[in-house]
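So the protein lines, in turn, are chains B and X.
Under my numbering, think of the first position of the first sequence as 1, with each following residue one higher.
Under my numbering, think of the first position of the second sequence as 1001, with each following residue one higher.
Each hint can be trusted.
Non-contacting residues of chain B with respect to chain X, defined by C-beta distances greater than 10 angstroms in every case (computed):
no. : residue
1   : Ile-22
2   : Ile-25
3   : Asp-93
4   : Lys-115
Heads up, incomplete: computed chain X residues facing chain B, CB under 8 angstroms, no partners named:
no. : residue
5   : Ile-1088
6   : Ile-1118
7   : Tyr-1246
8   : Asp-1421
None of these hints come from the bench; they were simulated from the model.
Just so you know, even glycine gets a beta-carbon here, dropped at the ideal spot from N, CA and C.
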Amino acid sequence: MDRLDQLESQSIYIFREAFNRIENIAMLWSLGKDSNVMIWLARKAFFGHVPFPVMHVDTEKKFPEMYEFRDRYAKEWGLNFIRELCPPIEATDDTLPPAARSAARKTEGLKLAIKKHGFNALFAGIRRDEEATRAKERVFSPRGLTGQWDFKDQPPEFWDQYKTDFPAGTHVRVHPLLHWTEIDIWLYTQREQIPTIPLYFAKNGKRYRSLGDKDITNPVSSTATTIDEIIEELRTTKVSERSGRAMDHESEDAFERLRADGYL
Amino acid sequence: MTEAKVKLAAVTPTAATRPVRDLLRIVIVGHVDHGKSTLVGRLFHDTGSLPDGKYEAIKAISEKRGVAFEWAFLMDALQAERDQGITIDTSQIWFKTDARDYTIIDAPGHKEFLKNMITGAAQSDAALLIIDAAEGVKEQSKRHGYLLHLMGVRQVAVAVNKMDLIGYDHEKFSAIEREYRDYLASIGVTPTFVIPVSAREGDNIVTPSAHMSWYKGPTVVKALDSFQPSAAAVDSPLRFPVQDVYKFDNRRIIAGRIEAGRIAVGDEIIFSPSNKAARVQSIEAWSAIPGAKPPRSAEAGYSIGITLDEQIFVERGEVISHKENAPVETDVFRARIFWLGHEPMTLGKTYKLKLGTLEAPVTVQSIERIIDTSDLSNSAAPQVERNQVAEVVLRARRMLALDEFIDFPRSGRFVIVEKYDIAGGGIISMEGYADQRGLITSRATNITRVVDGISEEARAFRNGHKGGVLWFTGLSGAGKSTLAMALEKQLFDKGYNVYVLDGDNVRHGLNANLSFSPEDRAENIRRVGEVAALFERAGMIVISSFISPYRSDRDRAREAAGQGFHEIYVKADLATCESRDPKGLYAKARSGEIKDFTGISAPYEAPESPQLVIDTASMPLEECLAELVSYVDAKFRV
Ligand SMILES: Nc1nc2c(ncn2[C@@H]2O[C@H](COP(=O)(O)OP(=O)(O)OP(=O)(O)O)[C@@H](O)[C@H]2O)c(=O)[nH]1
Ligand SMILES: [Mg+2]
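Isolated chain B (complex conformation) (with noise of 0.2 angstroms):
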């Protein structure tokens, strides 16, 4: 059994156990190359079927490769597929920096959506390698009712044994790529061949290592062609992975707000 295959059973046993555990519950689908995987992973876990809604919370600034991804696969992997809007920027806080405003518009669309249908639980596709508060998350992680998500006081996780009893109201990220990295993501992608949206590989010495709204995303500079390259890249690179995605650096805490309030 070599690593991705442990990764891979690992992530199948996370989607069983709040599949059966948990009702009303469905996936979060952003359309980069995480959550391919994480619909990937879900195909495995439910021998070729996606047993739950498959949502994305749209912030119609997407790239054009992203939608076009989206509508094709939606088709072609018989999925179960929601569209939600995410509400004008005007609603969100006007004192917030810009990207940050825009991160506070895709978790208001997020809290909407899951007040529309009434979901408990979501499977969204973070990993702890991204993002230094991601890398303090819990597998099954219980928010308050509007999405917050108490930080200082996770519950235990340990032995595969999640937190599955909630009181009425509590809603739950499930994270089953938690314990993956980029490299993980990519090696997987490519032993398991899962398309992927052009703009990863390299155009003109760019390329984008993390897709999210077009306003606020950054290429890296990157020669990398080929899922092959783009490991090389990473192997050596010392570049982080979300350093093109502005709303993290605005200030020291940007994110930790962002992710308390709801974020993913």
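Given chain B's structure and the hints, the job is docking chain X with the ligands onto it.
Just chain X with the ligands, lined up with the frame of chain B:
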């Protein structure tokens, strides 16, 4: 969208991306402020693993807070952690050496956050224990060492940190090393290395220290490279807990992860505790690769699905195994637990047990001892407080399939849920308790009961009394045999058809082939229970006189006999029984000559709601007898 816009990877990966590198997960533990997070930060810096701009960012954050450069801020990412200079929750970060990749798990040292330390430590293959050279071995240094061992983390190295604060003194280092090695030895742990370091200054983290030429061992990084990743238990007997049952595409797929052993198409398997059997028809796996064939076998670690040759009803929580080497079946077990709940774990209280995929209510039947992790001393208490370690006996209302932790770590451990929260974890031992599988499995098939032509009432009418079982239970020396024989005589004289089944007598004949192992003791009682039930049906009153220390065994006898079963607790405290010691057995048990002696070295589970309690410690024999006779007159006369 055109095909060209979607990249599909090459089918054969190149040498650059294969083979996938090994991963070892290592947890950093130890007392609060001893420098765990600092060590991780320093390790990252000295191995050139910090991302661009991180060093400058940490510097700016430290300056903003008016503190000297704080390496711990790499891991302590929360504002609350940075403001208070303490790790609140466990965190993970990835790192590589030439040898392999690592997940470094930084755990908090403060007692308040023990649940977070456990969360981190439970995911590790190996541990690095940090001790502050100036403060020495402290409470959590020991508790963390103890808990790592309890959780089955066997690979441990120790770093004695802040050597700069004690002038890199060899003597002082050796004193700490000795003290901590002694402690670890007392719990059965041998550290691979004890390394003097200064995390802040970078001594012996990645580069050998210029200040400690007396130290000849490896640096921290070298010590990490000497650990081995843990391997799945592929060579164990099969354990495959049912996680869910799906109906997809007209197949009924039993899904789960193999926790130990291997399974193959065609294998005959059984489900425990339902004891249903079937054959594996197929192993299911989904693959997008055209023409991929489903596997014929699978081994520990893989999440799979199977279909069966027969449609039997099985549910989540059952454990699949082969016929041989099936899991233990029991409704009672012993466990060593750590408690994390805000409320103490309380004797007699019922909690939810989660063991693998199984959930079942369990009651705390006894709290055998609280273990002080700093000196391993024991004490008695009616409850287990937060952060304490204890040995307890838990009882379920139904049969559970489980394993002993030492044989099967993954199916021999569990968590306890109180209300909505995981409040503790534990590992299972069956010491003193029997595997009840043999007792509840009937081996013969094709049997139908014959209806007896003589009714119960007809027999009672002729005898003048109903049939029934007076089941005496109590410690050795409580007076069971004396009372049984005297009662038999009186009842006989009063015209009852009565007979005594006594321990020693039965072991001469019916049960001559049974030893005193827990399983055989249980079988002994099972047979006596069945015989007593036959006597009852024959219309007689049978007095059974056996210690019968286990509730499960007595419950089974009750089930065999039905309505006419009367549990009579012949009660005398241990001290009284020991002072009587008619056969000199207590003396032998105390000296260790007899092992597993009830009350001394094996459990006695007192009845919870007996029909009658006869207190021989405070009542003279005549009164005890009189009470029994009037009880029988009231219950059995027609
Ligand atoms: N002089 C000296 N100070 C050190 C050394 N290592 C750590 N410290 C200091 O000790 C304090 C505590 O360090 P941390 O790394 O936060 O300790 P910790 O073990 O992670 O603490 P918790 O996670 O809260 O249990 C900080 O102020 C560090 O700068 C060392 O080698 N020498
Ligand atoms: Mg720390």
